[in-house]
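Trainee: The primary structure of each chain is shown beneath.
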Amino acid sequence: MLVSSSPHIRTKETIESVMYAVVLALMPALLGAIYFFGLRALFLTALAVISAVLTEYIYQKITRRPITALDGSAIVTGILLAFNIPVNSPWWLPVVGSFFAILIVKQLFGGLGYNIFNPALAGRAFLMASWPSIMTGRWSAPIRPAGSTMSGIDVVTSATPLGVLKYHATPEVVAKLNSGPMLKALFIGNTGGCLGETSALLLLLGAIFLLIKGIIDWRISLGYIGSVFVLTGIFYLFGITRANPLFHILSGGVMLGGLFMATDMVTSPVTPLGRWIFAIGGGVIAVLIRIWGGYPEGVSYSILLMNMVTPLLDRLTIPKRFGEVKK
Amino acid sequence: MFRHFVNGILKENPVLVLAIGLCPTLAVSTSAYNALGMGVAVIFVLTMSNLIVSAARKVIPQNLRIPIFIIIISTFVTITDYVMKAYLPELAKNLGVFVPLIVVNCIILGRAEGFAYKHSVPAALLDGLGSGIGFTLVIFIIGSIREILGAGTWMSIPGGFEGFKVFGEGFLNYPVLFMILPPGGFLVIAFLMALSRKLTGEA
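Heads up: the sequence lines are chains A and B, in that order. The opening position of the first sequence corresponds to residue 1 in this note's numbering, with each subsequent residue numbered one higher. The opening position of the second sequence corresponds to residue 1 in this note's numbering, with each subsequent residue numbered one higher.
Treat the hints with care, since some could be wrong.
[As the list claims (entries may be wrong)] Cβ pair distances, simulated, as ranges:
#1 B:A194 / A:S179: 52 to 62 Å
#2 B:K165 / A:R315: 29 to 39 Å
#3 A:K184 / B:G160: 53 to 63 Å
#4 A:G180 / B:A194: 25 to 35 Å
#5 B:G201 / A:R315: 46 to 56 Å
#6 A:P7 / B:C106: 52 to 62 Å
#7 A:R64 / B:K165: 49 to 59 Å
#8 B:K198 / A:N178: 51 to 61 Å
#9 A:K61 / B:A194: 14 to 24 Å
#10 A:T63 / B:E169: 30 to 40 Å
#11 A:N178 / B:V166: 18 to 28 Å
#12 A:L39 / B:A19: 46 to 56 Å
[Said to hold, decoys possible] Facing chain A, according to a computed beta carbon distance under 7 Å, are these residues of chain B, among others:
#13 L172
#14 Y174
#15 L177
#16 F178
#17 L181
[Stated by the list, open to error] Here are some chain B residues the structure puts well away from chain A; computed CB gaps all over 10 Å:
#18 C23
#19 L26
#20 A27
#21 F44
#22 Y117
#23 I141
#24 P158
#25 V176
#26 P183
#27 G201
If you are wondering where the hints come from, they were derived from the structure by calculation, not from laboratory data. All figures in this text were calculated on a predicted structure; none of them were measured in a lab. Just so it is clear, CB atoms sit at the ideal spot from N, CA and C, and this is done for glycine as well.
Sequences are here, hints too, so could you generate the full structure?
Mentor: Structural data, given as structure tokens:
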């Protein structure tokens with residue numbers, strides 16, 4: 001922290017106030033997950049949170065560091081990690097995921113503020129690498145009957161809309177994906193997918209609260225979701241992707257990633273220009289993975305990749321000091 | 001004299017302290033058996049090449065030494081490669097290109113250049129044995145950890161013994177695949193490095 005000359009403005013913002021505001025902002029999406037997928041969503045989220053907080057507490061206890069397990073950051077990690085797994089996961093999946101996210105990705109790098117990667121996302125990447133069959137093969141359709149279901153396309157595995165787009169894209173299916181009822185279902189959240197990613201509406205609701213409080217930066221969210229929209233729009237016009245750009249920003253993890261993951265204070269740049277580059281770079285990578293990559297979805301890897309260059313972006317985009325002359 | 005032997009195992013352990021030879025350490029440590037096979041091959045090549053380099057150090061001209069080291073090393077690597085292919089074909093298949101690649105293994109070249117070329121035959125012999133055993137111990141531990149967590153077995157031999165089952169059937173269905181993948185290897189090496197520095201009191 002650099003202290004410049006007075007006057008200083010004091011802020012009432014603390015780690016706790018920020019983190020618990022994020023927890024609060026995630027509640028609509030959690031309630032949505034319970035509504036769409038049943039009580040198991042709550043059970044898995046609770047397990048992830050408990051595991052995250054306990055891991056942090058035990059690590060700090062053993063290494064005799066100040067105990068900050070309840071500052072809310074571990075709770076946020078736990079919730080976000082649970083939002084990234086399918087509802088049919090076994091109970092130990094969120095437990096192991098949170099353990100890895102907190103111990104390896106957060107605490108071993110020095111704890112809150114020192115971690116290079118977003119812990120929840122790196123935890124998801126770990127789960128994806130370790131148990132791909134669970135993470136991608138156990139989608140369940142939401143328990144609520146939807147106006148436009150994917151039934152008849154792949155009843156057995158109840159694929160996600162993105163999976164359908166990638167692996168079963170016949171002309172009739174594509175027409176269905178681009179239809180109004182499908183987009184509405186995606187917006188409300190009544191589709192197959194990970195726990196907390198399906199409802200764009202409820203995620204936006206929470207994110208608007210954080211935007212007003214100034215906790216997340218609109219540049220990152222707009223840059224990320226906007227670049228996905230623009231790029232898939234261009235690709236749609238040229239026939240490279242067959243789903244329209246609205247489908248692309250509403251499906252999969254774009255909303256969850258762009259609103260809550262990319263905006264993580266620790267792992268995103270601090271300068272406005274850096275944030276734009278960070279966000280747009282992430283959006284572009286996500287689209288590239290979706291269209292040409294091996295996975296149907298690329299949001300998590302796109303943000304992790306941009307996390308990696310965050311220190312570099314910060315260094316490259318230092319704003320010019322007032323009165324500074326170019327050498 | 002004996003300290004040359006212990007040196008390679010503890011104070012100058014090639015993998016944990018010098019951080020050399022990481023390529024084979026990462027690549028073949030996906031199971032304990034593969035790791036052990038690699039370790040034994042390296043012990044043999046390292047000891048023999050150290051021996052010959054040291055014995056011939058007076059006749060090896062200074063400016064031609066590296067090519068000559070490589071010829072000596074590759075002789076023993078070729079022997080190892082053929083013997084392994086003849087008697088342990090499964091192991092040879094698993095280790096694949098990493099057996100011929102022992103030729104350019106930095107541990108072996110490093111010991112030849114940094115030690116054997118300047119020391120007497122008995123010292124070079126002990127140094128080669130020590131460094132080789134140090135490498136083998138570490139790669140075997142890494143291989144064991146990765147195999148136990150990543151596959152749920154220990155010391156499974158392809159086409160033979162199916163390994164000790166460390167965890168129950170439930171674990172065998174869902175092992176931590178991550179540990180078999182390259183990032184798992186880096187993670188285990190990092191933990192072992194931290195542990196060894198803690199134990200030797202350097203951190």
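Trainee: So, for every hint listed, does it hold in this structure?
Mentor: Against the structure, the hints come out as follows:
For the pair A194 (chain B) and S179 (chain A), the supplied restraint of 52 to 62 Å holds, since their beta-carbon distance comes to about 55 Å. Checked against the given bound of 29 to 39 Å, the beta carbons of K165 (chain B) and R315 (chain A), roughly 50 Å apart, lie outside it. With their beta carbons about 59 Å apart, K184 (chain A) and G160 (chain B) fall inside the hinted range of 53 to 63 Å. Remark: the range hint 25 to 35 Å for G180 (chain A) to A194 (chain B) is contradicted by a beta-carbon distance near 56 Å.
At about 36 Å, the beta-carbon gap between G201 (chain B) and R315 (chain A) misses the expected band of 46 to 56 Å. Separation of P7 (chain A) from C106 (chain B) is about 58 Å and conforms to the stated range, judged on CB atoms against 52 to 62 Å. At roughly 37 Å, the beta-carbon separation of R64 (chain A) and K165 (chain B) lies outside the given 49 to 59 Å, and the hint is violated. Taking the beta carbon of each, K198 (chain B) and N178 (chain A) are about 58 Å apart, inside 51 to 61 Å as hinted.
The given range of 14 to 24 Å is respected by K61 (chain A) and A194 (chain B), whose C-beta atoms sit roughly 19 Å from each other. Between T63 (chain A) and E169 (chain B) the beta carbon distance is about 35 Å. The supplied range of 30 to 40 Å therefore holds. Checked against the hint of 18 to 28 Å, the pair N178 (chain A) and V166 (chain B) fails, with Cβ atoms roughly 51 Å apart. Between L39 (chain A) and A19 (chain B) the CB atoms are about 50 Å apart, so this pair conforms to the stated range of 46 to 56 Å.
For L172 (chain B), the interface hint is violated, since its Cβ never comes within 7 Å of a Cβ in chain A; the closest pair sits about 13 Å apart. Taking 7 Å as the C-beta cut-off, the interface hint given for Y174 (chain B) holds, the closest approach to chain A being about 6 Å. Given the 7 Å rule on beta carbons, the hint for L177 (chain B) holds: about 5 Å separates it from the nearest Cβ of chain A. Given hint, F178 (chain B) at the interface with chain A, holds; its Cβ is 4 Å from that chain's nearest Cβ, closer than 7 Å.
With a least beta-carbon distance of about 6 Å to chain A, the hint placing L181 (chain B) at the interface is held under the 7 Å criterion. Interface exclusion of C23 (chain B) from chain A stands, the closest Cβ pair being 21 Å apart, more than 10 Å. With a minimum CB-CB distance of about 16 Å to chain A, L26 (chain B) clears the 10 Å threshold, and the non-interface call stands. Once the 10 Å rule is applied to beta carbons, A27 (chain B) is consistent with being away from chain A; the minimum gap is 17 Å.
Residue-level check passed: F44 (chain B) sits 35 Å from the nearest beta carbon of chain A, beyond 10 Å. With a closest Cβ-Cβ approach of about 40 Å to chain A, Y117 (chain B) is found to remain outside the 10 Å limit, as its non-interface label requires. Even its closest Cβ contact with chain A, about 19 Å, leaves I141 (chain B) beyond 10 Å, as expected for a residue assigned away from the interface. P158 (chain B), annotated as away from the interface, keeps every beta carbon of chain A farther than 10 Å; the closest lies near 22 Å.
Once the 10 Å rule is applied to beta carbons, V176 (chain B) is inconsistent with being away from chain A; the minimum gap is 5 Å. Not every CB of chain A lies more than 10 Å from the CB of P183 (chain B), the least distance being 7 Å, so the non-interface label is violated. Every C-beta of chain A lies more than 10 Å from that of G201 (chain B), the closest at about 17 Å, which supports listing it as non-interface.
Violation of the numbered hints given earlier is confined to hints 2, 4, 5, 7, 11, 13, 25 and 26; the remaining hints are satisfied by the structure.
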